[in-house]
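These protein sequence lines map, in sequence, to chains G and U. For the first sequence, position 167 matches number 167 in the working numbering, and the numbering has no gaps at all. For the second sequence, position 209 matches number 424 in the working numbering, and the numbering has no gaps at all.
A couple of the hints might just be wrong.
[Said to hold, decoys possible] Calculated from the model, a selection of chain G residues having no Cβ within reach of chain U, i.e. all distances over 12 Å:
| hint | residue |
| --- | --- |
| 1 | Gly18 |
| 2 | Gly33 |
| 3 | Arg208 |
[Claimed, not checked] Covered stretches of chain U, as calculated for chain G (at least 3 residues, CB under 8 Å):
| hint | segment |
| --- | --- |
| 4 | 216-229 |
| 5 | 487-498 |
| 6 | 502-513 |
[What the hints assert, rightly or not] Reference excerpt, derived from the structure (chain G facing chain U, CB under 7 Å, subset only):
| hint | residue |
| --- | --- |
| 7 | Tyr15 |
| 8 | Ala19 |
| 9 | Ile60 |
| 10 | Val77 |
| 11 | Arg83 |
| 12 | Ala84 |
| 13 | Phe91 |
| 14 | Val95 |
| 15 | Thr101 |
| 16 | Leu103 |
| 17 | Asn104 |
| 18 | Glu108 |
| 19 | Pro109 |
| 20 | Tyr112 |
Calculated directly from the structure, the hints in this document are not laboratory data. From the three backbone atoms N, C-alpha and C, an ideal C-beta is built for every residue, glycine too.
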Amino acid sequence: MTAAPLAVRDLRFAYRRGAEELFDGLDANFPAGAVTAVTGSSGRGKSTLLYVAGLMLKPIGGQVLIEGQRADDRPDVQRSWLRATKLGFVFQDAVLDPTRTVLNSVIEPALYGRAKRKRLVSRAQELLDDLGVGQRSTHKPGQISGGQAQRVAIARALLTSPPVILADEPTGNLDAENTDLVLDALHAAAAAGHTVVIATHDPTVLNRADRVVAL
Amino acid sequence: MRLTQLLAEAWRSAWAAKVPTALVAVLVAAMCVTTGLTAGRAAAAQAQVEARMEEAGARHLSVVDARDNGFLTTDVIAQVAGLSNVERAVGFSTAFDAVNAAIGPGGERVPTWTVIGELADAVELTWGRWPEPGEALVSAVAMVALGLEYPIGAVAHATAGRGISLPIVGTFTARAPLTHLDSGVVVRAATDVIARRLDVVSATAAAAPVTTTATLAILARSDPNDLLVTSPATLAQIQADVLGDLAEHNQGLVLLTLAAGALLVAVVTLADVLVRRTEIGRRRALGAPRWALVSMLIARAVIGGLLGAGIGTAVAIVAIYQTGQTPDPTFTAATAVLAIIATIVATSLPAMMAAHQDPVRVLRTP
Ligand SMILES: Nc1ncnc2c1ncn2[C@@H]1O[C@H](COP(=O)(O)OP(=O)(O)OP(=O)(O)O)[C@@H](O)[C@H]1O
Ligand SMILES: [Mg+2]
């Protein structure tokens with residue numbers, strides 16, 4: 001059996017030395033082709049787990065494995081490269097560049113991953129079409145709704161086809177209809193073979209998740 | 216991240232954030248104008264002092280044969296004139312008084328010098344022809360004193376019975392620093408006349424001390440009392456000191472302006488990266504390495520800086536022309552380059568801070 005695209009081993013984290021420790025030696029695999037929901041009451045570290053797995057925070061103990069390789073102890077350049085090529089982020093707020101059009105926002109990760117921009121333009125448009133925001137591609141983020149922005153952010157996370165998609169409360173600000181649209185997109189990505197991890201306490205998300213990791 | 220992409224991103228983001236870019240441009244322009252004007256003016260003053268110092272006076276060495284030993288021969292003078300640092304060297308006999316030959320001993324007296332060596336090194340011919348040995352040129356002042364309407368006729372020793380009359384063949388003005396000649400008459404010496412006094416003009420003020428040493432070496436007097444030397448060596452020293460002071464002062468001004476400008480650029484950049492923390496966090500999350508963010512932020516400031524340097528240099532050049540001076544192209548270019556370097560240095564620290572901030576904190580929705 002091949003290694004899971006994302007796994008954590010004996011994970012422990014603290015924001016500061018002496019601060020409250022999180023995860024208590026968590027062991028978890030996040031298999032490809034499945035949506036894994038990370039849940040737990042507020043302050044248990046759901047968001048933090050995503051950022052540690054996303055190589056933006058360093059654990060104080062244990063390991064983060066990307067495709068079976070230890071990644072948390074690599075230097076900044078390599079961790080950045082892994083983020084650009086192996087990981088896609090979706091935040092609670094879409095966090096789009098207000099100065100870029102929707103289409104250019106979706107292409108932004110190509111900048112950091114040395115992907116060919118030309119080929120990606122058509123792929124970006126396809127993704128936007130799939131997510132139902134194809135007509136908005138020339139708009140600026142200020143001209144689209146929160147639910148649409150979140151779908152644009154998902155398109156951005158999927159652009160370079162990274163093995164792992166990490167989404168932190170992607171439905172936190174959305175109504176039921178948009179929540180369904182966003183979940184459809186994330187589940188479609190899982191069905192296409194991506195590893196999808198969603199940090200959430202939204203029952204709708206939990207109900208549809210293939211697996212649940214409770215913190 | 217590819218370099219072209221990085222530059223394109225820097226350009227995009229400089230364009231998108233017009234206010235900080237414009238502020239950096241204004242600051243760099245101000246740096247260029249300020250250094251251009253203050254230091255430019257000081258540099259012009261320096262050039263002026265330098266020019267004045269290079270005027271013949273500071274390069275003038277005179278040697279007098281104090282005991283009439285007769286060592287200032289035509290050969291020796293020619294030898295000194297041939298030194299590489301020497302612009303010209305002329306010998307003079309002791310001055311005597313002359314009167315208009317037509318009037319005789321009772322006429323008004325004018326000082327008269329016999330010139331040994333190239334006459335053209337001592338005076339400029341303003342009318343007539345260069346004299347043969349034993350012929351004379353008169354100055355405008357001497358003409359009046361001698362009661363001559365035209366520079367023709369002859370002068371004669373004021374003391375009756377001493378020597379023959381000397382025909383006047385033209386008029387002259389003295390060349391600096393031998394301006395005392397303007398009060399009288401110069402006579403071209405016969406080849407065997409020995410000078411009492413030697414005037415040497417160095418090519419540059421800086422070379423004056425060397426010229427003094429070399430001249431004294433040629434004269435080769437073992438007894439220092441044989442010679443009466445008036446040397447510009449001290450003047451040359453003063454020149455070196457004054458120019459050194461000015462240069463130091465200039466550098467101080469330039470450094471002060473650049474440091475103040477750089478500090479302001481750093482403050483603007485810091486404020487800018489604080490405002491755009493989310494953007495930097497987003498780029499980090501999407502996979503931008505720290506070095507790319509730092510380079511992008513610096514490149515962005517340099518775009519503003521180049522704009523400012525262009526405008527500032529143009530303004531400084533116009534302003535310098537308006538004060539009636541010519542701007543020094545090397546200095547102006549150096550100022551612009553220094554301002555850009557100051558911008559890069561000033562941006563580096565805030566850029567590094569921004570790249571090292573915790574991306575999670577800024578991306579977290581409260
Ligand atoms: N930058 C920080 N510095 C110090 N402590 C922090 C920081 N960010 C979060 N924490 C603490 O770490 C713990 C985990 O926070 P985190 O945001 O991961 O929780 P969460 O499970 O995502 O909560 P929520 O459901 O409210 O989003 C909390 O106790 C929080 O106070
Ligand atoms: Mg959270």
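List of violated hint numbers, smallest to largest:
Hints 7, 8, 9, 15, 16, 17 contradicted; others consistent.
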